[in-house]
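Chemist: Join the two chains, each given in its own frame, into one complex according to the hints.
So the protein sequences, as listed, match chains A and B. Position one of the first sequence corresponds to residue 28 (our numbering), numbered consecutively onward. Position one of the second sequence corresponds to residue 606 (our numbering), numbered consecutively onward.
Hints are computed from structural coordinates only; laboratory data are not their basis. Hints may contain errors.
Under the rule of at most 27 Å between Cα atoms (straight-line distance), these lysine-lysine pairs were calculated in the DSSO-like manner [unchecked claim]: (1) A/672 to A/358; (2) B/648 to A/662; (3) A/358 to B/733; (4) B/648 to A/100; (5) A/300 to B/648; (6) B/648 to A/414; (7) A/195 to A/152; (8) A/417 to B/733; (9) B/727 to A/355; (10) A/419 to A/112; (11) A/49 to A/678; (12) B/648 to A/672; (13) A/355 to A/61; (14) A/672 to A/100; (15) A/100 to A/146; (16) B/727 to A/662; (17) B/648 to A/419; (18) A/417 to A/358; (19) B/733 to A/419.
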Amino acid sequence: MIVPMKHISLFALKADERRIMKTLQKNGVIQIEKAEEDESASSVDALANAAGLFRAGSEAELTEKQNNVLRIKAAIGRLGSYMPKPGMLEAPPEHGEDELIAAVPGALAVTEELDGLLKQIARAKSEKEKKLQTIKSLTPLVSVDIPLDSIRSTRTADFTLGTVKAEKLDQLREAGVMFDAFGTEGKVPVLAAVPKADPDETLACLRAAGFSEAAIPACGGVPADTITELRSEIASLELEYSELNQKVAALGEHAAELKMGLDGAMIEESRAKARCELLATRETFMLEGWVRSDEAEKLDGLIAADAQAYYLEMRDPFDEEQPPTYCKNNKFFAPFEFVTNMYSPPDPRGFDPTAVMAPFYLLFFGLMMGDTGYGLIITLGALLMLKLKKPKGGTEQVCRILVWGGVSTMICGLLTGTFFGMNWSDLFGEGFPFPLLDPMKDQMTAMILYCGLGFFQIVAGMVVSIVIHVTRGDWQTALFDVGSWLMIFAGAAAALLVKGPVKYAGYVLAGLGLLLIIVFGGRNKKGFGRVTGGIGKLYDITGFFSDVLSYARVFALGLATGVMGGVFNMISSMVHGALKGIPVVGPVVSFVVTAVLLALLHMFCIAINALGSFIHCARLQFIEYYNRFYTPGGKLFKPLASDTKYNKVIK
Amino acid sequence: MTGIMWAALGAVIALVLPGIGSSIGVGMAGRAAAGVIAEDPEKSGQCTVLQLLPATQGIYGFIVAFLIASNAGLLKGSGASDLAVSVGRGYFFAALPIAIVGLVSAYLQSRVCCAGMNIVAKQGEGGKGIVLAIMVETYAILAVLVSVLMLVGVK
Chain A
28 MIVPMKHISL FALKADERRI MKTLQKNGVI QIEKAEEDES ASSVDALANA AGLFRAGSEA
88 ELTEKQNNVL RIKAAIGRLG SYMPKPGMLE APPEHGEDEL IAAVPGALAV TEELDGLLKQ
148 IARAKSEKEK KLQTIKSLTP LVSVDIPLDS IRSTRTADFT LGTVKAEKLD QLREAGVMFD
208 AFGTEGKVPV LAAVPKADPD ETLACLRAAG FSEAAIPACG GVPADTITEL RSEIASLELE
268 YSELNQKVAA LGEHAAELKM GLDGAMIEES RAKARCELLA TRETFMLEGW VRSDEAEKLD
328 GLIAADAQAY YLEMRDPFDE EQPPTYCKNN KFFAPFEFVT NMYSPPDPRG FDPTAVMAPF
388 YLLFFGLMMG DTGYGLIITL GALLMLKLKK PKGGTEQVCR ILVWGGVSTM ICGLLTGTFF
448 GMNWSDLFGE GFPFPLLDPM KDQMTAMILY CGLGFFQIVA GMVVSIVIHV TRGDWQTALF
508 DVGSWLMIFA GAAAALLVKG PVKYAGYVLA GLGLLLIIVF GGRNKKGFGR VTGGIGKLYD
568 ITGFFSDVLS YARVFALGLA TGVMGGVFNM ISSMVHGALK GIPVVGPVVS FVVTAVLLAL
628 LHMFCIAINA LGSFIHCARL QFIEYYNRFY TPGGKLFKPL ASDTKYNKVI K
Chain B
606 MTGIMWAALG AVIALVLPGI GSSIGVGMAG RAAAGVIAED PEKSGQCTVL QLLPATQGIY
666 GFIVAFLIAS NAGLLKGSGA SDLAVSVGRG YFFAALPIAI VGLVSAYLQS RVCCAGMNIV
726 AKQGEGGKGI VLAIMVETYA ILAVLVSVLM LVGVK
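In isolation and in its complexed conformation, chain B is listed as follows (with noise of 0.2 Å):
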């Protein structure tokens, strides 16, 4: 494989596995909102945010694979074919952290997500069902950290 290669590879990953998790994560956590909603409109802010936050993910998986395209020159059309190809690697390697662990904590935090949706229905009170969410949000964060340092890192 080329440098361009893995490169290209490492983006699609980047944005495809973080964006399978948002959207199952997003989907579950909507139809759990739909219930509340139904029951009472009025909900429909706290619900809505309580949705979307697994979609974070997706987010932070989009930006890692931007930069892993600018860096590498894919975004200008030329497609720099000089890449070197362990330059190509450290890009495809950067991408792991937010691609896997963004897949599995957008799907667990989408299941606070759900649960949280009860606090709201019985207690009408969103706020506490948002930080336990949060907290899963921690390691997302902390992968696409690790994401960006490297991609930065790479010579």
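Chain A on its own, in the form it takes in the complex (with noise of 0.2 Å):
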């Protein structure tokens, strides 16, 4: 059923605006709309400049609370590989909503101390790497015992050194360069003099000698004291460098405190954004939005709770107004809702499908799925999901959905499918009386079987278009344009069905189905149209064949479960058959390996064709079904909350 929203504005003092945003946040009532002071958008900020009209929230503090998520959703990105995993299937922990927001400056200080590391670690690494280079361009002069600092031009010479291969040096010897060479082989080093008078021949010598000129570092000092130096200072720079790394690695520790402080920090941006849609002056402000028809009283109760002084107007939607979506239904239809809203959420004027639609949904995924042992574990683990991961929105949803789905799956293993991918009779021999169905003998009958449950499906929708147009008032719509319809079925089944004066009543009724639909199908249209319009409705029986059609998808998933676990199990008998021959271990080890193997291939099997079963079943609901009645198109009423990532808010 669809919650008629009302609109609401509220006035108030801006003194009591932080105390009533929090109740409302806390209590989720509201669905806050920017508050405009007149219909043109653009020319508000102009005209609430000149009227001292601004916005409660200022953009400054709503940047810094968007900062603040952003910051410690980067710190607990970066320390994820060190915080504790936490497991499969646990709750997420429960904390009040004040308590997560007095976590967010703790959790900004642990991410102020992380960046603070990073940044040491940083500096740390580009220091080695510095020193890693200086001692690349020290290697080749390592044999050099002299201070580097020490080589000073002369009044008539510049020294110049660089390393030349040994066989080279006599070469430069003959040439008259005046050089001293430190080492013998290999590439020596060599510091050349060059005469400031004449530097180009000396130059042109050493540059036939394939002489490379060394870039000589700015320490100085001995070039072996150096390197040695050196080392020594990147050794302490990898050990603090560790340090800082197990520092982070402590911070870790942090990690509830961080993801409390996120989902704080959540909660404050929320808040801080929806302040930026009030308008405000001076004294007062003003609050626009949608709120649940049936809980306008308990929003009037927790303001008049907040605020010394105020105005709340409540109204129903304009037709022009567009009003989010909220369906509310019991216990067992609202999780269907999330496969509506996967098509999309109903317009917030028309029809909630979600009660007219389980029933189907459920039975036509328990033939999809057709097996009475997957249904087991589905029902289990979606139990076992529930009860221990405590999961929230559409996880919960699909967990609850599958629960019943598993439930309809063991029933519908038992009427057309298998158990675990074995045939009932070859588990309690030839005499057992179920399946009462098998697909894979009786396959015309399966056929029938499912477009008939297909059509009966599609008469479904159609008797629902008709209760929805009559309760409108549409009797033309619900008569000429449905009704017809399902004359033409009712009467052509009598006729071909029955014997007797009943056949020729169907006639007469499927007769007049037919005169209903050219006469008035065209009833919208002008001139020539109005006639043709008529006649063409009458195609719209080709999309009654296909769509019926379309079910054959639930014989072919059916069986495609049935068949692969079918094969899973021989596959594992072969297996269990070749390992039982090892003498000694062979029982112990084929019965494991087996047990492992089934577990594994049954597993994988359930869960493709979970999958296949809850899209091809959802699909049949969108297009064959929700085609003859539905109208989509609503927003889901999202209201201001405190949606948190890691915690579970208590009230």
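Modeler: The structure is reproduced here in structure tokens:
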């Protein structure tokens, strides 16, 4: 059932604003819309400034809160590998909203500390890089036994330090270059004197000998000593680096604090965002938004408790307004809203299809899975998940659907399916009455059964459509566009299946339906279209055919599950047979290996078939069923609330 | 060709063609998934589901291949040499639907999966992309249905 929305405008004192907003967020009762002074949004700010109006929240505050969220999120991401991993089936911790918000400064402090450590790590890293670079440039000069900073130009000569291959030293000597060589093998460091008066000749000789000038690092000193010194400095840097990393890892202990802080920051962010939607004067503020009509009184009570003085105006939405959609269903049906919302939430003025869809969804899901053993696993798995993990939102809804989907699968498995891929007759002998219908043997019966069920769902959809149109007073659509087809179907069924006078009544009824379509089908068209429109409507019959045939997928998916499970059993039994022959350990090994193999293969089979069934089943609802009566296009009611990521908020 | 050769050929194409399609499909989707996960490792769950969707055709092919091999007596090692040619041919033709449709639909489904990764990357939500991709699978399921029904009916 769709709960109608009320539009609210609240005027209250600015002094109470923070308290009121906090209460509203805690209770999650209103969806705040941007309060506008005027219809044209662009002129509002200009107008607002002139009239002394402004937004209650400041952009600066919002930016700060957004930054908090981003920073804590980044810290959690950086520390992820050092944090204790929550178990697969562990429920999120529960905290009060104030507790979460109180954790924000602590989390920011941890973030700050982490940022500091990361900066130090980066510095240590780059220093180490620099020192390594220096060592690399000093390495060729390691045999130079004089301090590098003692090399200075004299009055008549400059000195250049570089390396030359040992065998070229003689060539240099012959050329008359004055130099000092440090060593005799390989690339030899050479300190050459270049006369200031005529450097070119000496330089040319050096070049000819393949002299490559060394880049002398700024450090000075004897190269070998410098390298030793640098090495020890690097070692201490590495120590520092690993200490810093340990400190970072130690911050992982603050996981719970950070996660609470993030949730608190998220709560603050959404509140700050909402405050930017409010219009305010110096002393008052105005809030506009939507509230569920069944919570209107509660809202009034909440505000009355918090405000010294206020004015609250509630009204039904105007025709041109698009209120958000909120559906209310009982505990059994509510999870199925997830399926509808996957397509589109209903139009706020339309009809909530959840209750008329859920039974069909369960039926077809069960038929598509069609294995009692798998149904058992699905139900138990979903129950376990709900009990231990306590998921919220979409995951919770899917789990709740699967609990009942599993039950339906168990029943359908007994009627038309298998048990963990095994035939019932193989388990309990030929006399066992189940399955009532074996789709592998009676293919035509199965096909007719599934398409028949599909036809039944389509007719149900048409009946729903008639009810909707009649309650709206649109009896023309109900009778001419939908009822007429039902008359044809009912008449044709009577004419084909029943004998005697009823047969002729059937002909009459079908003929009447046909006549209604031809005469009134084009009633909204003008001129010639009125005539052709009605005949054109008869083409809809092809749509019925293709929709009914679409239910053949139920057959295919159901068969695929059973056959896949059966093949996995065959494979496992072959493995068992092969391993049993091993002497002594054979029985144990074959048992263990086969058990593990069976478990894995069947889990896999359940996973891919459940995914396929879930979606194909949803598709049958969307295309074949909703087509008949459903008005999509709503936007979900999203009240200002304490939405969190890691913790569950207790009220 | 003898009956057993026809049956073996059927089992081989039922396995190989959809296997090729699925490995191409999973490969393409895997590349797209890596791109999304590189930006945001939190999305790896949804991306993995999307990547795995084109894998089912290969499994359907494997199942049909296995059923053919088992029915034709290829698995017992004795090689049922007395398999009638008409029966062997029956198995071969039963393999064709899943072999051909599996190959093509795995490839085309993978392209929808890759597009679906864009939805995950931009909206952070994979459900809609999975729905789109599963639609392509319909035809592989119908093909495996026909293949299995045909090979059960071969006499």
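Chemist: Run every hint past the structure and note whether it holds.
Modeler: Hints versus structure:
1. A/672 to A/358: 24 Å, holds
2. B/648 to A/662: Since the Cα atoms of residue 648 of chain B and residue 662 of chain A sit roughly 25 Å apart, the hinted pair holds (cutoff 27 Å).
3. A/358 to B/733: 26 Å, holds
4. B/648 to A/100: It holds: about 15 Å lies between the C-alpha atoms, which stays within 27 Å.
5. A/300 to B/648: 26 Å, holds
6. B/648 to A/414: Distance of about 25 Å is within 27 Å: holds.
7. A/195 to A/152: 40 Å, violated
8. A/417 to B/733: Cα-Cα ~24 Å, so holds.
9. B/727 to A/355: Judged against 27 Å, a Cα distance of about 31 Å means the pair is violated.
10. A/419 to A/112: 19 Å, holds
11. A/49 to A/678: 12 Å, holds
12. B/648 to A/672: Roughly 15 Å separates the two Cα atoms, so the pair holds.
13. A/355 to A/61: Roughly 26 Å separates the two Cα atoms, so the pair holds.
14. A/672 to A/100: Satisfied, since the Cα-Cα distance of roughly 11 Å is no more than 27 Å.
15. A/100 to A/146: The hint holds at about 18 Å.
16. B/727 to A/662: Measuring from Cα to Cα gives roughly 20 Å; hence the hint holds.
17. B/648 to A/419: Roughly 18 Å between the alpha carbons, so the hint for residue 648 of chain B and residue 419 of chain A holds.
18. A/417 to A/358: Holds - the C-alpha atoms of residue 358 of chain A and residue 417 of chain A are around 16 Å apart, at most 27 Å.
19. B/733 to A/419: Roughly 19 Å between the alpha carbons, so the hint for residue 733 of chain B and residue 419 of chain A holds.
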